[in-house]
Amino acid sequence: MPEEVLATFQVKRVSVLNENGSADLALMPELSADQIWRMYQLMVLSRCFDERAVSLQREGRLGTYPPIRGQEAAQVGSASALKAEDWVFPSFREMGAHLTLGYPIPQLLQYWAGDERAQKTPPQLNIFPFCVAVGSQIPHAVGAALAARYRRDSAAVAVYFGDGATSKGDFHEAMNMAGVYQLPIVFICQNNQWAISVPLKGQTASASLAQKALAYGFEGVQVDGNDVLAVYRATNQALEKARSGGGPTFLECLTYRMADHTTADDAGRYRSDEEVALWNGRDPILRLERFLAASGAWTPEQGRGVKEEATALIDRGVREMEAVPPPAPAELFDGALETLTPRQAGQRKGR
Amino acid sequence: MPEEVLATFQVKRVSVLNENGSADLALMPELSADQIWRMYQLMVLSRCFDERAVSLQREGRLGTYPPIRGQEAAQVGSASALKAEDWVFPSFREMGAHLTLGYPIPQLLQYWAGDERAQKTPPQLNIFPFCVAVGSQIPHAVGAALAARYRRDSAAVAVYFGDGATSKGDFHEAMNMAGVYQLPIVFICQNNQWAISVPLKGQTASASLAQKALAYGFEGVQVDGNDVLAVYRATNQALEKARSGGGPTFLECLTYRMADHTTADDAGRYRSDEEVALWNGRDPILRLERFLAASGAWTPEQGRGVKEEATALIDRGVREMEAVPPPAPAELFDGALETLTPRQAGQRKGR
Amino acid sequence: MAQLNMVQAINQALADEMARDDRVVLLGEDVGRDGGVFRVTEGLQDRFGAERVLDTPLCESAIMGAAIGMAAYGLRPVPEIQFMGFTYSAFEQLFAHAARLRSRSRGRYSCPLVVRTPYGGGIKAPELHEESTEAIFCHIPGLKVVVPSGPYSAKGLLLAALRDPDPVLFLEPTRLYRMLKEEVPEVDYQLELGKARVARKGSAVTVVAWGSMLERVLKSVDGYDAEVIDLLTLNPLDLETLLSSVRKTGRAVIVHEAIKTCGLGAEIAATLAEEAMLHLRAPILRVTAPDVPVPLAKLIDQYLPGPDRIRAALDEVLKY
Amino acid sequence: MAQLNMVQAINQALADEMARDDRVVLLGEDVGRDGGVFRVTEGLQDRFGAERVLDTPLCESAIMGAAIGMAAYGLRPVPEIQFMGFTYSAFEQLFAHAARLRSRSRGRYSCPLVVRTPYGGGIKAPELHEESTEAIFCHIPGLKVVVPSGPYSAKGLLLAALRDPDPVLFLEPTRLYRMLKEEVPEVDYQLELGKARVARKGSAVTVVAWGSMLERVLKSVDGYDAEVIDLLTLNPLDLETLLSSVRKTGRAVIVHEAIKTCGLGAEIAATLAEEAMLHLRAPILRVTAPDVPVPLAKLIDQYLPGPDRIRAALDEVLKY
Ligand SMILES: Cc1ncc(C[n+]2csc(CCOP(=O)(O)OP(=O)(O)O)c2C)c(N)n1
Ligand SMILES: Cc1ncc(C[n+]2csc(CCOP(=O)(O)OP(=O)(O)O)c2C)c(N)n1
Ligand SMILES: [Mg+2]
Ligand SMILES: [Mg+2]
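So the sequences go chain by chain: A, B, C and D.
With the first letter of the first sequence counted as 1, position 44 gets the number 44 in the numbering used here; the numbers rise by one all the way through.
Here the numbering used here runs 351 ahead of the position in the second sequence, where the first position is 1.
Here the numbering used here runs 702 ahead of the position in the third sequence, where the first position is 1.
Here the numbering used here runs 1022 ahead of the position in the fourth sequence, where the first position is 1.
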């Protein structure tokens, strides 16, 4: 290459726990044992929620549901770094983040039962509605970050999306805008390596997703997304940077979608059992258990206890969800506009 | 940075002629003296076309017109590397490329006079219509490249756009798709540093546009866009790579929009005279004249001769353009569909 | 003749045309390996190869845009948009490019592509999976819009669309995909675009419907002397069939699952009010969804026009 | 009172509201330093600072999307799309998000933003600079669509839009920007959204128009006993005003610069055919552009409805 070099770039990768659960102490985030235990509980809760949701769907008690199995570390680790004042923009596969932030379990289930009333986020949380149009929530997050900065608020913004979303125009336009205005935002990409049947290689020729941030003039970091401590560490750093005026960060949490895309999908049609088995062995909950066990902080019995507690919470959530009366037809018009148009008002009367 | 390095990247920059017109011989592309002289003639022709178009607009004989002044090297240099069989997707500011490829001068003018009949590209050329919706032509080019590959044709595809276009979603989606399929395409970005009143810094926080290609897993190169030899060299290399199955390349031709955005714009409102003066000194035609003069291949007199020839061609083009009878009202329906709908047919009759 | 459902009929039309014409290339999210989320393209990648059935990245605008470039180059691409609700991000490509390419280039380039997309409500799916915004697309000059109402019309219309020299939006009523089976000839047949079908003869009132509403209308008109028109092509409208029916019956009811305001029912009613006014004995009624976003599963049945509302409209116009 | 053109009236409304309410933030391409390509936002960045008048990168979808996030956060953003033809790439954001946010979140979030965009033909500009696809946007439940017809209505409607709790698409007829001056009060005044205006009284025929067609209609009806309605808000329609006029005149002609098929004229005619049928003495006619893409300068005058066509339609309905 006789031509001159214009610039060189580096993209880094963060992991704290290796696959056996032993930690790189230099990189351990500042977390108390209680905090780590709480993360563990939330990961188990997320797993229980997910398993229950899948079986409720099978019984016809929920609609189509997108499992999060395998992504618990990415979701719980990142959401644990958020504060209540922060604004969060989910896609549709972040139930672990919702649970971590305290979104009511019955309400979460109610959404997947096909009831939009469940999207009325409780007032103490700033979580946007689930967003099904892939990637289209990312510009909203940028707008919220602009507004937060305009208001001189200390809130930061986190937006969640998948590897598939990085192919969408909205991802690009939003990332670019965040770079131009140096906004207080963290882009959290859960690279679960599949977008329905399309593997990462079919999604982009980029060797990592993290390096995509180079196109926007800010930092992109690849994080071991099955390592809850690494995810927490990276998110926390990025949020601190955001709050202190350091601008946006892109986090690629490399993880794996252990289940089907949704309950309507059959992943066996397009990926190998070997691949799935490999990643089953990298289960993020297992890894954290190994870490905790090494210091005597976890025993199988304690593990069962945590699971039982989680199951009880989910049981109650299901009961409460199913006790909610179905919406009346007139509720079609709820929130259509602050004041209905004359035509809408007429249509409402007819119901 | 205690974390491990995932990857490092380099972006290169190509220039052949320095500002004084002396060449780095190691990088000289293989071009005969005649070929270089032809490029010089085309750059002068482009300049003449442009000056005439601006003055015709002032006289009310053309509509709004976007000058290319300053971008002649980027356009002539890149288009000179193209073959007739290649497919070319322009934005709206590539009249130098059109002239290089042999688009008839009267027809080029006719378009800017507001007559869409002028977009009927002559059959020997594969140039798409001008595209005003910024960036939206880029996916078309990717589709053509897919089709060329599918057909096992040796044609390559070139798509032109500006720095502003790199902010659009379509740029991103198309670049990403080209990477995934490793298509025979060259993305030619004329970074003229302005998108109407928005300077490059307001467009992206990325230090170069070339590095944006890293997000798509293929090569991005910055080229001195006022250096016709460098532009030719880089385009030619990229086209050869494309034709031989090497996949896409992104070329950032760093140049400058010396004139207003369009004849409806007043750049004095948003940029400094100093900046414009600086870039006037970097005029790409001047640079090539210096290069040619150094080897005795150019004298002021020859320069005048080239200009006179160009002027004569443009004069004739203007006369021919103005001799074209205006379209009849029924021509509104030309090309609406191969067979008009009954409603369209009725509407046509009424004209 | 085989009894096929709509998924099978569409699959057969695609396969036959791909075998006949190597310019036909499918592209879209999950259309290849997975055979499409509704299995409409099942088996086609195996049969025709990955170059003819392209799994794309997740980028609707570039899917549409690339299809335009392919069509201009001489292929006959069939982009699939996974659900109609995701055509919105491809809207510029469809509107400003696919539909205008022939006109912008004064015929130097044309854009023979067929955009396939599942359409309409009633499948209890997530948001944006049950859209029926066909009217928006009928406002795009240069684009044809087609909606089959069953397996037979699906195959015949799709074959016609695939051979049309201009872009066609082919809307597949998701609710019908596996709901009904019909005799579908294995041979090649086309249903001419721009022609409606009289699905039921009658003389007291004309009911106009398309897609999955047709089935509902046919079930609802029992006991009425209603003529039912199955539009099949939404743009261009078959004015002849519409007008001659309404001139005969003097009454018109239009049923669609889209919202009322600026739905396609408006165009049909306006055309009747322009060209058959003196034959009309009663107000032209539209039975539609209310002017609110498509709801999730719990309210979708209250949203879509049901037999009660259809019959109430019939009773109303028959009072005149 | 000052005589202002529409550019000045809009600029004044924006400036006044920005002074009154610090939640109002403008964003768009070239709206800041350059004051907008039509100078509508001239001087506002100097006066209110670069944080309140944001020059954005070239990305319509993110401009719209960011505005949605800002609105949800509590601001009142005013995104400008440089020309209506470039709203198409922001269509998903407008349709699936801005208009649905209140409904999707059951009121937890709302989306009070005003999208401003130059609209309509007759300025001899490049492709996509003269679009009038308002009907598409009127098919979006949750979005209001407003079109002033002069400087006075521009200021009054814009102030009302800026205070509306829900998203409003504010279409600025480019041809009128500097064509007419009117007395525009310096004080704060609002024209209620959803209310049409009787621009001229008459009793033999009702002519409905909006935006730049209004001026053309008013010039064309000289010598006719025509009542002219200036819609001002396209969605929701002021049915009361429309119906009471047509019930009186018994005849209706709708004039718009959009193409005919599925234009807003269809909704108006359909509503009349539904609710005023028995009062109608003549077919409802629509005077529109033909069903082809907006042409470049050389043919634009043949494309837009002109006085001849308007008068021919009046003569036609008056035969009945
Ligand atoms: C714009 C858009 N296109 C298509 C779909 C259908 N769809 C739903 S999820 C999905 C894949 C998303 O992949 P990714 O972004 O990686 O997220 P994941 O499902 O892996 O969480 C697709 C194609 C959609 N919801 N939105
Ligand atoms: C999608 C879109 N948005 C806005 C415009 C209006 N506009 C025309 S050119 C332009 C700037 C384009 O900048 P760049 O891509 O750098 O090209 P250049 O004009 O410098 O050649 C803008 C904003 C447009 N034509 N298309
Ligand atoms: Mg994924
Ligand atoms: Mg530029």
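One or more of the hints may lead you astray.
So, partial list: chain D residues that the calculated Cβ filter (under 8 Å) puts toward chain C [unchecked claim]:
#1 E1114
#2 A1157
#3 G1216
#4 V1220
Here are the computed lysine-lysine pairs in the DSSO-like style, where the Cα-Cα straight-line distance is at most 30 Å [unchecked claim]:
#5 D/K1203 <-> D/K1217
#6 B/K552 <-> B/K700
#7 B/K700 <-> C/K950
#8 C/K950 <-> C/K1000
#9 D/K1270 <-> B/K700
#10 B/K363 <-> A/K12
#11 C/K1021 <-> A/K349
#12 A/K349 <-> C/K883
#13 C/K1021 <-> C/K1000
#14 D/K1146 <-> D/K1241
#15 A/K120 <-> A/K349
#16 D/K1320 <-> D/K1341
#17 C/K950 <-> A/K120
#18 A/K349 <-> C/K826
#19 D/K1217 <-> D/K1270
#20 A/K349 <-> D/K1217
#21 D/K1241 <-> B/K700
#22 D/K1217 <-> D/K1320
#23 A/K12 <-> B/K552
#24 D/K1270 <-> D/K1320
#25 D/K1146 <-> B/K700
#26 D/K1341 <-> C/K950
#27 B/K363 <-> B/K592
#28 D/K1320 <-> B/K700
#29 C/K883 <-> C/K903
#30 D/K1217 <-> D/K1241
#31 D/K1270 <-> A/K349
#32 C/K1021 <-> D/K1270
#33 C/K1000 <-> A/K120
#34 B/K700 <-> C/K903
#35 C/K950 <-> C/K826
#36 B/K471 <-> D/K1217
#37 A/K201 <-> B/K363
#38 B/K552 <-> A/K241
Simulated from the structure, these hints should not be mistaken for laboratory data.
Glycine included, every Cβ here is placed at the ideal spot set by N, Cα and C.
- Which earlier hints turn out false for this structure, listed by number in ascending order? Violated: hints 3, 4, 6, 8, 9, 12, 13, 16, 17, 22, 24, 34, 35, 36.
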